[in-house]
Every structure is written in C-alpha cells, then in structure tokens.
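Keeping the supplied structure of chain A fixed, place chain B upon it in accordance with the hints.
Protein chains in written order, with this note's numbering: chain A, 1 to 115; chain B, 1 to 115.
By construction, these hints were calculated from the structure, which means they are not laboratory data.
Please note that a few of the clues may not be correct.
What the hints assert, rightly or not - BS3-like cross-link-like pairs, simulated, lysine-lysine; straight-line CA separation at most 27 angstroms:
| id | chain 1 | residue 1 | chain 2 | residue 2 |
| --- | --- | --- | --- | --- |
| 1 | A | Lys64 | B | Lys69 |
| 2 | A | Lys55 | A | Lys20 |
| 3 | A | Lys20 | B | Lys77 |
| 4 | B | Lys114 | A | Lys41 |
| 5 | A | Lys41 | A | Lys20 |
| 6 | A | Lys41 | B | Lys110 |
| 7 | A | Lys41 | B | Lys102 |
| 8 | A | Lys55 | B | Lys69 |
| 9 | B | Lys102 | B | Lys69 |
| 10 | A | Lys41 | B | Lys22 |
| 11 | B | Lys114 | B | Lys58 |
| 12 | B | Lys69 | A | Lys66 |
| 13 | B | Lys102 | A | Lys20 |
| 14 | B | Lys114 | A | Lys20 |
This is what each chain is made of:
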Amino acid sequence: GAVVSQHPSWVICKSGTSVKIECRSLDFQATTMFWYRQFPKQSLMLMATSNEGSKATYEQGVEKDKFLINHASLTLSTLTVTSAHPEDSSFYICSARTGDYQPQHFGDGTRLSIL
Amino acid sequence: AQSVAQPEDQVNVAEGNPLTVKCTYSVSGNPYLFWYVQYPNRGLQFLLKYITGDNLVKGSYGFEAEFNKSQTSFHLKKPSALVSDSALYFCAVRDWWDNFNKFYFGSGTKLNVKP
Chain A
1 GAVVSQHPSW VICKSGTSVK IECRSLDFQA TTMFWYRQFP KQSLMLMATS
51 NEGSKATYEQ GVEKDKFLIN HASLTLSTLT VTSAHPEDSS FYICSARTGD
101 YQPQHFGDGT RLSIL
Chain B
1 AQSVAQPEDQ VNVAEGNPLT VKCTYSVSGN PYLFWYVQYP NRGLQFLLKY
51 ITGDNLVKGS YGFEAEFNKS QTSFHLKKPS ALVSDSALYF CAVRDWWDNF
101 NKFYFGSGTK LNVKP
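Only chain A is shown next, with the shape it has when bound in the complex (with noise of 0.2 angstroms):
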C-alpha cells in the first residue's frame, strides 16, 4: 500500500518550455502533498507543501511563479516548472502522507533536462 506515483520520469525539452510533472497517490487519498528539488549528490531541499483545494505553501527562495503547484484532488497535484531555463535541471520529487503521523511516502523522482 501507500504507493505513490510520479509522471514523467525523464523529461527532456528546449529552454522556454513549460514542462509540468504530476504526481499521484494511487491507494490512498492525500490531503498534503511535497514537492521536494534534489542537485547531485545532495540532500532534498523542500520546495513547497501542496494542499487540496488551496493554495500551496511555498518555501523561502522559491518562485511561485516560476513553479505552479496545484492540488486539484484528495490524489493529484502537479508542478509547472514555467519557461524553463537550463539552471532549472534538476530531479524533482514528490511526496505524499497517509496520515499525521504517519512517513512521507515518495515517488519514483522526475528528471528534468532543460536544454
């Protein structure tokens, strides 16, 4: 159980593009959902916390703009990564929880090439 999601894999596409990743919690429903941003060898940083039905909450140094968060449903939420530019290569994250005090539970990670 606790399975979550994540479309696409690999993405790879010119600078300029918009390029939007879903995520999904395939077995339960997910009322919070985290966009995490890991660089080479390091750890994840926290992007924002996706919340059904409002609006995300955005870690200090991240771009609203720039990274469209949206929880449309108890299982979806997805991330825009807009007019993206080479520095926004990255692989990103997703994550979702169970229950208050239960793990996060994390998807497979998207590649993202911006050429």
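Chain B in isolation, oriented as in the chain A frame:
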C-alpha cells in the same frame, strides 16, 4: 530550529559485517524520526520510523535504529550487511508540533558494501 546531521558522507563496510549509519537531530519539541533509502534515479523508500515507545525500532530489510534522547541520535544499524544494501541513506525528522508534517532531511550518507 529543526535540523538533522549525518556526519559521514560515506560509510564503507564489508559484506557480512555489521553497519552503522549515524544521525543526530535537533527539534523544538518531541521528534518523529525516519530513515529512508534512495537508489540511483529513484525516489526515497521508507525504512523505519520512531514515534514513541521502544527506543529500538525495527524496519524493512533487516534494518533497525536506536533512538537515544540524551544524545539526540537515531543511528541506523544492520547486523550483517549485504552488497544490495549499497545506496544513499537519509535520516529525517519532524517536529511533533508541526501539523503539516514537514520533514527535515539530513545530507545523506552513501553506504558502500563490498563483497
């Protein structure tokens, strides 16, 4: 402020030997502690958690961790390492008071198990 420290970037151990991956934490209130493992180009997989109760927690794949409140530590252990245990390990902490289940991750420790 909440934080997690993993003092070792890398741990090397021979197959069959016991392994320890160190983690210390700092939180304002009571800690919830977690260990995750990450394989290349994958998301994080949950190993074990400490919420309350016995200080020795058993988790997946034969791993266990010991919560030590006085030393604010939560070291990951396994009695006999396998080559397949080679991966990146992350310790994470959540403050009991944090309703949004925000996790703070350590910098990660690369475990190398040699045959």
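Item to check | List of violated hint numbers, smallest to largest | outcome: Per hint list: 1, 3, 8, 12 and 14 violated.
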